[in-house]
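Chemist: Take a look at the letters that make up each chain.
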Amino acid sequence: MDDCMPLQMIDRDPMAILPLFVWLSPSYPVGCYAYSHTLEWAVEAGDVTSEETLVAWLTDLLTLGLGCNDAILLCHAYRAVRAGDAVALEEVNELALALSPSAELYLETSQQGRSFLDATLAAWPSPLLMSLEGDVAFPVAIGMAAAAHEVPLATTAAAYLFGLVQTLISAAIRLAPIGQTAGIRVCASLSVTVQNVSRQALDLSLDDIGGATFRADLGSFHHENQYTRLFRS
Amino acid sequence: MHLRATMYVNAWPFDGASRSTTPQRQRAIGCVAFSAAGLNGSTRPMRIEESGSMRIRIPKGEGTGLDAILVNTAGGIACGDRFTVSIEARTGAAITIATPAAEKVYRSDGPVAELAVSLNVHSGARLDWLPQETLLFDEARLARRLDATIEEDARLTVFEAVVFGREARAEHMANGLFEDRWRIRRGRHLVYADTLRLDGPIADLLKRPSVGNGARAFATLIHVSPEAEARLEFARENLSSGSGCDAAASAWNGLLAVRFCAMSIEVLRAAVIPFLLVFRGEPLPRVWLS
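Taken in order, these protein sequences are the chains called W and G.
The numbering of the first sequence is the numbering used here, which starts it at 1 and goes up by one.
The numbering of the second sequence is the numbering used here, which starts it at 1 and goes up by one.
In case anyone wonders, no lab produced these hints; they're calculated from the structure.
Mixed in with the good hints, there may be bad ones.
To be clear about the criterion: a stretch of chain W counts as covered by chain G if any three or more of its residues have a C-beta under 8 angstroms from a C-beta of chain G, and this derived list gives those stretches [claimed, not checked]: (1) 52 to 66; (2) 91 to 100; (3) 211 to 220.
Partial selection, computed: residues in chain W whose CB lies under 10 angstroms from chain G [stated by the list, open to error]: (4) Asn69; (5) Asp203; (6) His223.
Here a beta-carbon is modelled for each residue, glycine too, at the ideal position from N, C-alpha and C.
Using the sequences and the hints, build the whole thing.
Modeler: This is how it looks when you write it as structure tokens:
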């Protein structure tokens, strides 16, 4: 589906990945710090209580559901933009939004996606960056921007997952008895998983999307009624 | 249950028996297409097509709606079986579909059994898809898909429960495949997509806190209707806590979702049955209680 020439050229330019450092930085105005993707409930329920249990929880999110699915969606959005296929892009976005298992997880992806796309359209415009109407899923918005600005796909997918991991670790540091150093250690220890998941996603189809994290999703239902909450998800 | 127990159990002996004694069998294929329409305040069957081992039965109903029972006369699902079910609720119809007992999925020596359900709900119609639980034996391999299309002013309730081995019989689903793919379209839009996929070491996966924390029975209810979001508080009030079944609800974009997670199917049913009674505001299909 990709045009071979431009993609090969993209991959040869080491500077092409620079925009990712800005787009996925916590200071980019998407408000990622407001979301914990069910982690706040997992801490409340006693599922995440330590460095070890945090690694297990995040590994599951990456390999058994969210991480892998978001990487697949990002790849397909990227390729749709590279191919100039607006219909395929709309379909990927519709699927990405429909895959949200709860009200809060819908908000998490659609609010960050819309904010990211609006900020990027304003600050990093490109004739290739289409402006989707209505709600936009976060991984779709990242894939669109990377494709429009010729950032290599494999690096974008891995960087997106690393950004997700960092968002969740910073939430864990605020919620659980896990210190800064332990948080950094968790982040480093997940880098192999991040690379594996993003690499596999390059070859997966939209039909491969799926997950096993039934109880984590149920936790996001519970989070809506959690008594004290720092996070929106 | 009675149908299968009396007619087929003897011809289908390997409820958990070892693979080496399993006789070679013909792959079962079954197909049902059913539609009903609303006429003068009641619902009448319009079309029934059956082939293979799938049948639809319509017991005399008590309410204004039509209760239909979907029967798999093959007495379960085994490797490589293929079943297709298509249900259409035409304008003004009110249909509830149930199954007579748990659907058992037996061990497979490789091939994946497939079950495809397609639900179509027209303007002003209501369709409740309420099969009883799917029971997976060790090394079962099932890929199921449910595609629903509903009009903006129609009402759809989909409920499915799955059990990975029966706790009471100390069955353990060490390995297997369960894939459950749901896609719900409302008007012109895909509004709900979910693929639950447990592939490989299922018992180990179920122990993980993000998956089941040791639970072996899951259920999901999705309700799509103009009032779905407004019913969230009512749903929450009727989810019992402290029964041993972990359950909660969420609502967004015209959907209401309820999930149940329990150590056994008995505990799960004890939470689900009172909830369905109150949530639907009418008795459950009789087969559910026999």
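Chemist: Indicate, hint by hint, whether the structure satisfies it.
Modeler: Status of each hint after checking the structure:
1. 52 to 66: Holds: 7 residues of the segment 52 to 66 of chain W have a Cβ under 8 angstroms from chain G.
2. 91 to 100: holds (count 5)
3. 211 to 220: holds (count 9)
4. Asn69: holds (9 angstroms)
5. Asp203: violated (17 angstroms)
6. His223: holds (9 angstroms)
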